[in-house]
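Here are the chains, one letter per residue:
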Amino acid sequence: MGPIGENEFFFLMQGLKWTVLLAVVGFIGGGIFGILIALLRTSKMKVARRITAGYIGVFQGTPLLMQLFVVYYGVALLGIEVNAWIAVAIAFTLHASAFLGEIWRGSIEAVPKGQTEAANALGLHYVSRMKDVILPQALKISMPATIGFLVQLIKGTSLAAIVGFIELTRAGQIISNQTYRPLLVFGIVGAIYFIICWPLSHAGSGLEKRMAKAAR
Amino acid sequence: MTYTFDFGAVLDRAPELLWGSLGTLGLALAGMLLALVIGILGVVARTSKSEITRTLVIVFVEVVRNTPFLVQIFFIYFALPLMGIRLNPTVTAIIALGINGGAYAIEIIRGGVESVSRGQIEAGFALGLHKADVFRLIVLKPALRAIYPSLTSQFILLTLTTSVCTSIAAYELTSAAQRIESDTFRSFEVYFTVTAIYLVISTLMMGLFALVSRHYFNYPTR
Chain Y
1 MGPIGENEFF FLMQGLKWTV LLAVVGFIGG GIFGILIALL RTSKMKVARR ITAGYIGVFQ
61 GTPLLMQLFV VYYGVALLGI EVNAWIAVAI AFTLHASAFL GEIWRGSIEA VPKGQTEAAN
121 ALGLHYVSRM KDVILPQALK ISMPATIGFL VQLIKGTSLA AIVGFIELTR AGQIISNQTY
181 RPLLVFGIVG AIYFIICWPL SHAGSGLEKR MAKAAR
Chain S
1 MTYTFDFGAV LDRAPELLWG SLGTLGLALA GMLLALVIGI LGVVARTSKS EITRTLVIVF
61 VEVVRNTPFL VQIFFIYFAL PLMGIRLNPT VTAIIALGIN GGAYAIEIIR GGVESVSRGQ
121 IEAGFALGLH KADVFRLIVL KPALRAIYPS LTSQFILLTL TTSVCTSIAA YELTSAAQRI
181 ESDTFRSFEV YFTVTAIYLV ISTLMMGLFA LVSRHYFNYP TR
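First to last, the sequence lines map onto chains Y and S. Residues in the first sequence are numbered consecutively from 1, following full-length UniProt numbering. Residues in the second sequence are numbered consecutively from 1, following full-length UniProt numbering.
For the record, the hints were derived by calculation from the structure and aren't laboratory data. Cβ coordinates follow ideal geometry from the N, Cα and C atoms, glycine included. It is possible that part of the hints are untrue.
What the hints assert, rightly or not - To list a few chain Y residues with every Cβ distance to chain S over 10 Å, as calculated:
(1) F10
(2) F11
(3) G31
(4) F33
(5) A53
(6) L77
(7) V111
(8) G114
(9) V133
(10) V151
(11) A161
(12) V189
(13) G206
(14) M211
Said to hold, decoys possible - To be clear about the criterion: a stretch of chain Y counts as covered by chain S if any three or more of its residues have a C-beta under 8 Å from a C-beta of chain S, and this derived list gives those stretches:
(15) 62-71
(16) 169-181
Using the sequences provided together with the hints, build the complete structure.
What follows is the structure, encoded as structure tokens:
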């Protein structure tokens, strides 16, 4: 058995950096496309609603690990020379866009209909109605679910380890193989995830309770 | 783009994919049952008089829900042999799935139990219903209906999560896919096909759950 020293800890921190980066890129990229999906999903165009519903259904009905594999090898087939990091980032962005799109569709629909009617009566066109009236309210409604998904996404980045990408979990695996101390290493790795995810979960459920109270 | 797709190489291995799918279904079913048992026991333990028991349940739920399943399965995979328990990877995977799903089930079931109002139970007794009937019709059925949507979507999530069990070489669809991939080098075709199989499995499960709901919970709410 080897000791867990400064070097090992530094290696884990390097992995953590990639975990955070992957989650941030996935969340921001997924957020941008997610809004687009949510808007199409709630639009008046039947075709757009159908397509986005299918898109969401596929991502919600298949394992994240499979999505990673398909995108990882799919991108390579397109003939573009990309490194593992970009391929994995694309996969998480697509995954997040579907889930955030569905969450935000729900919150757009949860904004009272009167708001849309009032905006129409004021003569606001689509962009202004969405940007200034509906989306700000929808965003507020969606906060608990959005934070909940962020936690899912952070945990989900661990699956990049199976594709071979060295983030926190893969770094833990490597150190565990070197030191033969799997329980200690995965205990530390788990604790690091917990330290990141728990405050977020807590904030999310706190927000949910406060909003439920305010709604009563 | 000069790549030519070759799904034939994958379709040649159809029996393996079928067995893998059955493995996935088996893992999912066993995991769900264990999760349900842990969920019910956890809810009972959460109402225990001992504060230590209650705190333990809360800590269990929070730890499981805020760490990745992959880390959990590795931890369990290495922890069991140290405790002198030697199991094959598939059984280990079922335990990990049950523990993971159980933590979510505790929270879901607790919500359902809390949703049954005291007044309803009293009304049941006032109508002269037997104690067993009060429990079955007034407590259990509405509570089940209240948690049914979240519990079943959690079960579908658990089914999709079984793919992660390939990391400890459990017998299921993803590990079958990885075997086929390393033999044929048709990575994209293999994973595309397997993703489609997962989509079929989860869609069928959703349909089945909806069907059960329509038959069993087919009465007006208010």
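Here is what the structure says about each hint:
{"no.": "1", "hint": "F10", "verdict": "20 Å, holds"}
{"no.": "2", "hint": "F11", "verdict": "16 Å, holds"}
{"no.": "3", "hint": "G31", "verdict": "21 Å, holds"}
{"no.": "4", "hint": "F33", "verdict": "20 Å, holds"}
{"no.": "5", "hint": "A53", "verdict": "13 Å, holds"}
{"no.": "6", "hint": "L77", "verdict": "5 Å, violated"}
{"no.": "7", "hint": "V111", "verdict": "22 Å, holds"}
{"no.": "8", "hint": "G114", "verdict": "24 Å, holds"}
{"no.": "9", "hint": "V133", "verdict": "30 Å, holds"}
{"no.": "10", "hint": "V151", "verdict": "7 Å, violated"}
{"no.": "11", "hint": "A161", "verdict": "7 Å, violated"}
{"no.": "12", "hint": "V189", "verdict": "6 Å, violated"}
{"no.": "13", "hint": "G206", "verdict": "14 Å, holds"}
{"no.": "14", "hint": "M211", "verdict": "16 Å, holds"}
{"no.": "15", "hint": "62-71", "verdict": "holds (count 8)"}
{"no.": "16", "hint": "169-181", "verdict": "holds (count 4)"}
The structure fails to meet hints 6, 10, 11, 12 from the earlier list, while all remaining hints are met.
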